[in-house]
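Trainee: So the chains spell out like this:
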Amino acid sequence: MSTPAAQSHPVRVRTLPRGTLALAAFVALLAAAPLVLPEFHVTLLDYIGLYALVALGLVLLTGVAGLTSFGQAAFVGIGAYTSAWLTTVSPLPSWLAWTGGSPWVGLALGLALTLVVAWMLGALTLRLSGHYLPLGTIAWGISLYFLFGNLDVLGGHTGLTGIPSLEAFGFAIRDARDFHYLIWAVLLGAIWLTRNLLDSREGRAIRALKGGAIMAESMGIDTARSKIVAFLIAALFAALSGWMYAHMQRFVNPTPFGLGFGIEYLFMAVIGGASHVWGAVLGAGVVTILKQWLQDLLPALLGQTGNFEVIVFGVLMVLVLQRAPEGLWPIVARVFASRERSAAREVPRAEPLPRRTLPARGTTLLEVRGVTKRYGGLLANHRIDLDVRAGEVLALIGPNGAGKSTLFDCLSGVIAPTEGEVRFLGQRIDAMRARRIARLGMSRTFQHVRLLPTMSVLENVALGAHLRGARGVVAASLHAERAEERRLLAEAARQIERVGLGERMFETAGSLALGQQRLVEIARALASDPCLLLLDEPAAGLRYLEKQALAELLDRLRADGMGVLLVEHDMEFVMGLADRVVVMEFGEKIAEGLPEQVQNDPAVLEAYLGGID
Amino acid sequence: MKGSRLWWALAGAAFVASMSAQAQVKIGVITSATGPTAFVGIPQKNSVALLPQKVGDLSIEYVSYDDASDSTQTVQLTKKLLGEERIDAMIGPSGSPNSMALLQFMAEARTPMLAPVGTGAVVVPMDANKRWVFKTHPNDDVISDGLIEAMKARGIQTVGFIGYNDPYGENWYRIFAPMAEKAGLKIVASERYSRQDTSVTGQVLKLVAAKPDAVLVAGVAAGAALPHVQLVDAGYKGAIFHTHGSASGAFIQIGGRKVEGALIVGPLLLVLNEIPDDVATKKVALEYVTAYEKQFGQQPPIFGAGVYDAGLLLQHAIPEAAKKGKPGTPEFRSALRDALEGTHELVTSQGVVNMSAQDHSGYDKRGRVLLTVKDGKFSLVRD
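From first to last, the protein sequence lines are chains V and P. Using my numbering, the letters of the first sequence correspond one by one to residues 668 to 1280. Using my numbering, the letters of the second sequence correspond one by one to residues 870 to 1252.
Be a bit skeptical, because a hint or two may be false.
[Unchecked claim] Covered stretches of chain V, going by a simulated chain P footprint (3 or more residues, C-beta under 8 Å):
1. 693-707
2. 823-834
3. 916-930
[Stated by the list, open to error] DEER-style ranges, computed between Cβ atoms:
4. E1214/P with A775/V: 54 to 62 Å
5. P1047/P with A700/V: 31 to 39 Å
6. A997/P with L964/V: 35 to 43 Å
7. E1018/P with P758/V: 21 to 29 Å
8. R1251/P with L964/V: 52 to 60 Å
9. N817/V with Q1184/P: 41 to 49 Å
10. P705/V with T1070/P: 33 to 41 Å
11. F975/V with K1193/P: 42 to 50 Å
12. G1130/P with N817/V: 29 to 37 Å
13. A698/V with T1070/P: 56 to 64 Å
14. R1126/P with M984/V: 24 to 32 Å
15. L763/V with T1070/P: 38 to 46 Å
[Stated by the list, open to error] With a straight-line Cα cutoff of 20 Å, these simulated EDC-like cross-link-like pairs (lysine to aspartate or glutamate) come out:
16. K1192/P with E1143/P
17. K949/P with D963/V
18. K949/P with E1151/V
19. K1051/P with D1102/P
Keep in mind the hints are simulated off the structure, nothing from the lab. Here a beta-carbon is modelled for each residue, glycine too, at the ideal position from N, C-alpha and C.
Turn these sequences into a full structure, and let the hints steer you where they fit.
Mentor: So, in C-alpha cells, the structure goes:
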C-alpha cells in the first residue's frame, strides 16, 4: 500500500510544518476568494464545498470503514427537503407552529430525521456483506428519490420553490459570497471533527473494520456499533450539505438526490483519495471543475452540443483510477510530507491505566470439557478436555490439520463449538461472542497475522487496549478525551517496548517482517491487560535471538501470574518453555502431561513424530 | 508554449467581448436541448438562430444554455445568467415545471422573462412574481374556449379529463373545468398521470367506465399520445380532444394510426397552406416556417414558435425601453417589462397579441384553429 505514513499517525505534534503552512495558505485563499473572484466562480466553490462535505462522509464510511454506499445523495435530499418543506409550507401545521418556519429548526429537524432514517436503513443494510451492501444502498437510494418525486407535499417532480435564504445573528446569508463562508466554515469544521475522530480510540475501532470483524471483535470492539457510527456520521454530513444547498439554491427538485448523484459522490471520494479526509475536498474540486470545464470546452471543440462531457469524463476517470488507484491526494500529500518521515517523534508517556487483579496462581482460568466442532461430516475437534491455570504455560501441539486453530477459535468465541462446555473464570463462555469474552480478560493472537498494515505499530497495539477506554464518539471528535487517549497510547507503547519493538513503534505495521508482526500481535493482546493469553504460533518466523527474547517474555508473564495457552510447532521452544503439553491429532487429544512425559509417550511418537523410534 | 497560446486566445476573446459589450442588449436563453423535454427544447434552441440580431442601432446578443430538462440546472443557469451575464431579459425555459422554479429569481432580479411554455400557471393568477413573466404561447383559456366551442358544436354533453400531474395538467384542469361547467358540459371523470409513466391503463379504464361523450387529454406531444392510444385499445368510441400540447409531429409519430381523428385546438402554423391569405398571422408564420426550413431542413414543431414570438415581442419592446434607460441597467429592464406589458395588436406567428397588467400572454382566438389527424398529418377542420 502506498499510503504515506503521515496519514495515520496520532502523534503529529510539530512534525508537519509544510503541511500546516499549506493548510494556512489554503484557508487564506478560501477567505480571499469571494473578494476577488467573479460570482460564478464563487458559486462553483460553494458547490465544491457542498459536494466535499458529502464526500467527506464517504471517506469515513467507504474509504476508512470499507462500507461502500451509493445512496448518500438520498440523505442530502432528506436534509434539503425537510428544511425546504418546513420553510415553505403554508399554513404551517399546528404541531409545528412553534418553529415559525425557521430554517434553523429545519436544520435540526432535518438532522434528526436523517438520524432516524439512517439508523433504520443502517440496521437493515449494514449487516449485508460483499456486493450486497452496495446493492442495498442503491436500493434505498432509488426508493428515497422516488419518494421525493411522488410526495405531493414535496412538490413532486416539479419541486419546491420560494425557499428563504438564511439569516444568522442579524447577518443575511443570501448570495453565493455569503454562502461561501458558511459552507467552507462548516466543511473545515467537519474535517477537523473527522480527523479528531479518526485519531482516537473510537476512530481506531472504525478503521479496524476494514481488517475484518474477527480481529476487531476479538479486541472487544463492537463492530456493528462502529459501522453504524460511521454510517450515521456520513449521513449527517450529507444532510447538512443538503440543508445548505436548499437555502442557497432556494429551489429543490428530486434530481440532485437521485442515484446518479449518489454515484458521483462516491466518485469524488475515490478520485480524491477515499482514505484521506482531504481527498474528499480534492475529489469534489477536481470532479466539479473538470465537468464544468469540459461542458464549456467540448461543444466549442466539437461544434455541437450534447452531453459529450460525460464520455470524456468517464475516460479520464478510468485513466486516473488506473494510474492512481489510491486517488489523487497521496500524490499531492507527497509534496508536503517529503521530510516528515525523518522527524523524531515522542514516545507517549502517561500514568498507567488501572489493571485488573489477576487470579491467584494455580487458579483454574479455563476449563474445556468435551468440546466438539463439526463441519458437516468433518470432525475438526472431538471431545477435547483441557485446563489452563493462572501462572502456567500450556502448550498445544500436533501436526498440521490436527484442529488446534479450530480449538483456539472455539475458545475465544470466534466460532461456537457444536458440543461441549467452555468455562472461563468459572463462567460459561461457549455461547458468548468474542468481544464479551475479551472483556472477561482473555486475549489472543492469530496464526495468520491480522494487523492493519497502513496503521502504525503503535495504533495497532492501541486497538488491544480498546476496552480499557470509555470515552465516546462525541468526546473523540472534539478531542476532549486526550487524557484518556494519552494513557491508552502510553500503555500501547509500553507493551511494544515489552516485546522489543520500541524502535519501530511509529512505522506502519505492514512494513515489518512477518516475525515482528507476530510480536506486534502479542503486544496488542497484552495491551488489553488479559489474565489468559492465547498465542497461535507466536514463534513462527522469528530468528533465534528473537525466539529467546519471546521465551523470556512469556516466562515473565507466567511469573506475574498470567495463564498462557500456546500453539506452536517449534519443539525446542515448546519443550523449554511449557509447564504442560497437550497433543492433538485428527481433532482428538491423544496425550497430555509434562513435556518430558509427552516426549516419551509412544502414541505421540507414533502419531506426531511420524513413527521414528 | 501551449499554455501561453491559450492565454493569448483568452485575452483576445476578452478584448473582443469587451468591445462588443457596447450598445448591446443581452438576452439569456435557456432551453431543454437534451433530456426528456428535448423534443420541445431542440426546436426552441434552433429558433434562437432566427431571432432578430439588431433592433434600431442596438445589437442583440443571445447567451444560450441547455438545462438538460432538469429544473435544478435551470435554476443554476438562470442564476449564472442573472448574476454573471447581467442579462436584460430571458427567453425560456422549455419546461413548465422549470419555468415555475424561476419565478422568484426573475422577480428578485427585476428582469423580464418570456417563457415559451404551455402552462398558464406561469402568468395566472397574476402576482408580484409573475409580474416579470410573459408567456409566449396562447393561454390555456384561449385554447380551452376553442375546445368547448368544438365540443358544443358536436353535441357533446359529458367529458372525461386526463392530464399530467404537474403544472401543465393541473392548470389545464383548473381552467377547463369551470369553463366547461359554465357552457353546460358535465365532467364525469378526472384522471392524472405522470410524464414518466409508460402505461395509464388504470386511469383509462376508469375513464371508459364513466362513459363520457368525449375525453380531453392534457399532455404534451408523445406524452399525449399514450392515453389516446390506450383509450382506443380499451374500445373507447367517443371523440378524443387534445390541448395545444399535442399539436406536434411527435404526437402522430408515437400515436400512429390510433390517433387518427384526434381533435386538437392549436396554432394555424401546422396547416398554413390551408389558411386563407387574408389571415394576418399567416404572413408572420410563413416567414418563420420558411426561415426554419431553410436553416434546418425540416418543418418547425410548434414549440419553436414560442421562442420566435418572444423575439418578435422583444423586437417590438426594446426600442420603447431604450428611451427610458441604457441596456444593462435596472431602468432598462424595468422599462422593457412595462413595454412588453403594453404590447398592442402585435401580429406573431401564433396569433395577435394584446397584453395587459392582468394578461401576460395576450393571444386571442385569431391564432387558434381546430385540427384533426388525417392520414398521418394535421389538417384543418372547418366547423
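Trainee: Of the numbered hints stated previously, which ones are contradicted by the structure, given in increasing order?
Mentor: Violated: hints 5, 7, 10, 14, 16, 18, 19.
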